[in-house]
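S.K.: The chain contents come next:
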Amino acid sequence: MSDDARDEETVTVAHGGGTGRTRDFLEDSVVPRFGGDADGLAVGLDALDDGAVHEVGDRSVVVTTDSHVVSPLSFPGGDIGRLAVSGTVNDLAVMGATEPLSLTCSLVVEEGVSVGLLEDVLDSMQAACEAAGCAVTTGDTKVMGSGDVDGVVINTTGVGVLPQGAHVPDAGLSPGDKLVVSGPVGDHGITLLAEREGFDIEGDLTSDVAPVNDLVAAALDAGTVTAMTDPTRGGLSTALNEMARKADVGALVDETAVPVRDSVAATGELLGIDPFDVANEGTVVFGVDAATADAVVDALRATPLGAEAAVVGEAVTEHTGRVVLDTGFGRRYLSEPEGEQLPRIC
Amino acid sequence: MCLGVPGEIREIDGTEAVADFWGVERRVRLDVVGDAVEVGDYILNHAGFAIRKIPEREVEETMAIYESLFGDDVDEALDEIGAPRGADIDLGGEQGDAEADAAVPGDTDGD
Amino acid sequence: MATEADDLKFRDPEAAQELAADIERQMERIDHPVEIMHVCGSHEQVIAKFGLRSMLPSDLSVTMGPGCPVCVTNMPEVDEAVALAEAGTTVATYGDMFRVPGTVKSLADAKAEGAAVEVVYSASEAVEYAAAHPDEDVVFFATGFETTAAPTAAVLQADPPENFYVLSAHKYVPPAMEVVAEMPDTDVDAFLAAGHAATITGYGLFEEFVDEYDTPVVVGGFEPLDVLYGVRRILEFVESGTSGLDNAYPRCVSRDGNEAAMSAIDEVFALTSGEWRGIADIPDANFVLREAYAAHSARRQFDVDPVSGDGDPLTEECICGDIMAGTATPEDCALFGEECTPQNPVGACMVSDEGTCKIRHEYGGHPEL
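Sequence order for the protein chains is S, C and W. Per the UniProt record's numbering, the very first residue in the first sequence carries number 1; after that it's consecutive. Per the UniProt record's numbering, the very first residue in the second sequence carries number 1; after that it's consecutive. Per the UniProt record's numbering, the very first residue in the third sequence carries number 1; after that it's consecutive.
Chain S with its partners taken away, still in its complex shape:
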């Protein structure tokens, strides 16, 4: 790109939306600059997976990092603190590291935020750490002038350790593998949209934000998990498309088998937003060897977060890199959403 074109192009919210534009930005601007090798690197930046995996001695060390912003800071089911811990613990978990070794906490706070609010956020982080069985071991705090940052931004980095080669990439699907989701989809994204000023939707809506490491551990114990990811930004649609694309398989999904809460479905209808397209923060998508799929679902259902776990489809050889959705009426592609989800009237 010429310097002029570079200066003209500005970063938009779509660059951080978690779907196509984000991927383009990473592939064009980030990966080529950083994509260096490190000793024993098993999963690196170019995999665009949930974290990096280093082979160290007879262990695999998983590292992941995430900066958390959310508006409003507190929402039904959680707050930015719970989100900051869960997001990173979950990225470790879906790489296979279900026992986080260490978690960092880096705070960027806007001048004028009340200390009480900040302490509430930190309490919430600690509660989530306890739920996940981990601890914040180091951190940093910066304060910006009023208006220079919006409220509170939290970066957390997580490190997990597991036996060498025991990590699970999101690219491991093979034809015949069953696709399993651990619980209802769309809760987090739809809850936040309903909270937005002006939309004012009242109902039984709660974010699913929670650490999923125990849930993932139960699945790993019960069967052969070939691939997994957490469908955060971009939702289930993006997660399934990425899994299919990275593994060069197709995915065939039965829409009616995917659990969606009635209140989430109804809010989605009202705002014209598909619950499959919005973020989840306590849900996992698994690829599971077909022979062990029922065992994995049973094990998930025995966990507190997995009561509605279900087989929702399978990996197939046709439709490489795409997701075909059987709606119960006919079939269509399930595509990734583009950028930020906005309510529509049409």
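Think of the hints as simulated: they come from the structure by calculation, not from any bench. Predicted, not measured: the structure shown is a model, and the values here were computed from it. Quick reminder that beta carbons are idealized off the backbone N, C-alpha and C, glycines included. Treat the hints with care, as some may be off.
Subject to a maximum C-alpha distance of 25 Å in a straight line, what follows is the list of computed SDA-like cross-link-like pairs (lysine to any residue) [what the hints assert, rightly or not]: (1) W:K111 / S:G36; (2) W:K111 / W:E291; (3) S:K246 / S:Q164; (4) W:K111 / S:V149; (5) W:K49 / S:A14; (6) W:K111 / S:S146; (7) W:K111 / S:P72; (8) W:K49 / S:V258; (9) W:K49 / W:D22; (10) W:K111 / S:V258; (11) S:K246 / W:E339; (12) S:K246 / S:G36; (13) S:K246 / W:Q343; (14) W:K49 / S:P72.
One side of the interface only, derived from the structure: several residues of chain W facing chain S at Cβ under 8 Å [to be verified]: (15) F50; (16) G51; (17) A116; (18) V119; (19) P134; (20) G144; (21) G337; (22) E338; (23) E339; (24) Q343.
Use these hints to put chains C and W onto chain S, whose structure you have.
M.R.: Just chains C and W, lined up with the frame of chain S:
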């Protein structure tokens, strides 16, 4: 165009109401609904405005049409449903009940 | 408690399969290809979202006409909204319009560069925003057909705050149907008319159209069963070789429509001729504010001078207009899926959630899935 969603009126305060949409509630304006609306009525919401009161009778009749379609003789079933109930449902092919001389409500030519 | 509302969903897949089987038998008897044009993006949405096209016989094509208000909003109208936002007003608009490209940029681009743009769900929300921010001039960029024109009219009639203005890009559907029906390349066997627009206007409006063009018109609803039932009714006309008008959405549409909504529209708006993006200059199909509402007219109160440039040179190759006129499909366009994608749209049909191109790109067409 027009994402229309049916909801049930729960509260009314002047031209503002609260409606239930499959278990979630949202405000809806009644300015242009065109009919007297009471708590318990169904309305069609479009972009925060009720644009039509949905008469319960019509819902039942629509259900009846669809259910009748799955009998052995579809056309006969249609006629059976259509003939006696008449009213606002046009089941026949031709516009037998259209009143040709009625004003066309869409005539909004500007001045 | 939700049982009755559930009834309103009309989403029984088994019933749909039976209707589809009926349609297949009808097509066997008709024994020639049939093309149905619907004029409603929400019809396209439900057809695509539920995968209904894959249930229909391959010689029955259901195409979308000029039924997406976002797609037919003319570029200079977007330019006006962008210019107002860049001039320091707060532009409130429906989420549908946010990313639609103008000649040079979209409202999303303007916002990224610092302009104040608010996405609202409702006209009344735009008014509430204006009331809560008396120091800002709030311009509601009002788009859509009769269904959204009525709410815009209602908020203007309800004495909105002084700092609330409307930039109307509202459009009126029936004249556009006539223009499309008259296009020499249009070869449509029947129209599936838009049920929600007809909720406002009434279906009686189409009587003259049916007489004039000798083409069947069936007003259809928006649940999967409604659409399939509408198609089935249309095929009855086609099979018998007659034209006529039928209301297949009686639970929402009456012959006379919503007279309160029509009178609100009539009091607030006049109809004027104007360009529908990509289609034609259509007589009496654009709603503009009447003189009595000049105090709230963005065009009257601000000196809107949109920056217009050459835009994207690719727009020359864009065939959105032909697609909306039903004379071409997205696959006929050299840009489709290549230079023009939902991420980098060239034409409005690729931006709007109810644009034919975006829907085709996201959901697939008549796929052998």
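S.K.: Quick check on E339 (chain W) please, does its C-beta sit within 8 Å of some C-beta on chain S?
M.R.: At about 15 Å, which exceeds the 8 Å cut-off, the nearest Cβ of chain S leaves the hint on E339 (chain W) violated.
S.K.: Using 8 Å as the Cβ threshold, decide whether G144 (chain W) counts as touching chain S.
M.R.: G144 (chain W) check passes; min Cβ-Cβ to chain S is 7 Å, inside 8 Å.
S.K.: Given E338 (chain W) was flagged as interface, is its beta-carbon under 8 Å from a beta-carbon of chain S?
M.R.: 15 Å, violated
S.K.: Answer holds if the nearest beta-carbon of chain S is closer than 8 Å to that of P134 (chain W); otherwise answer violated.
M.R.: 17 Å, violated
S.K.: Given the hint that K111 (chain W) pairs with V258 (chain S), does the C-alpha gap stay at or below 25 Å?
M.R.: Violated - the C-alpha atoms of V258 (chain S) and K111 (chain W) are around 36 Å apart, more than 25 Å.
S.K.: Next pair to validate is K49 (chain W) with V258 (chain S); report whether the Cα-Cα distance is within 25 Å.
M.R.: At roughly 15 Å apart (the allowed maximum being 25 Å), V258 (chain S) and K49 (chain W) satisfy the hint.
S.K.: Can G51 (chain W) be said to touch chain S, with a Cβ gap under 8 Å?
M.R.: 3 Å, holds
S.K.: Between the alpha carbons of K111 (chain W) and E291 (chain W), is the straight-line distance 25 Å or under?
M.R.: Roughly 31 Å separates the two Cα atoms, so the pair is violated.
S.K.: Taking 25 Å as the top limit, are the C-alpha atoms of K246 (chain S) and Q164 (chain S) close enough?
M.R.: At roughly 22 Å apart (the allowed maximum being 25 Å), Q164 (chain S) and K246 (chain S) satisfy the hint.
S.K.: Can the restraint linking K111 (chain W) and P72 (chain S) be considered satisfied, given a maximum Cα separation of 25 Å?
M.R.: 20 Å, holds
S.K.: Can you confirm whether the C-alpha distance between K246 (chain S) and Q343 (chain W) stays at or below 25 Å?
M.R.: At roughly 20 Å apart (the allowed maximum being 25 Å), Q343 (chain W) and K246 (chain S) satisfy the hint.
S.K.: The hint names Q343 (chain W) as touching chain S; please verify it with the least Cβ-Cβ distance against 8 Å.
M.R.: 5 Å, holds
Hint violations for this structure: numbers 1, 2, 10, 14, 17, 19, 21, 22 and 23, all remaining hints satisfied.
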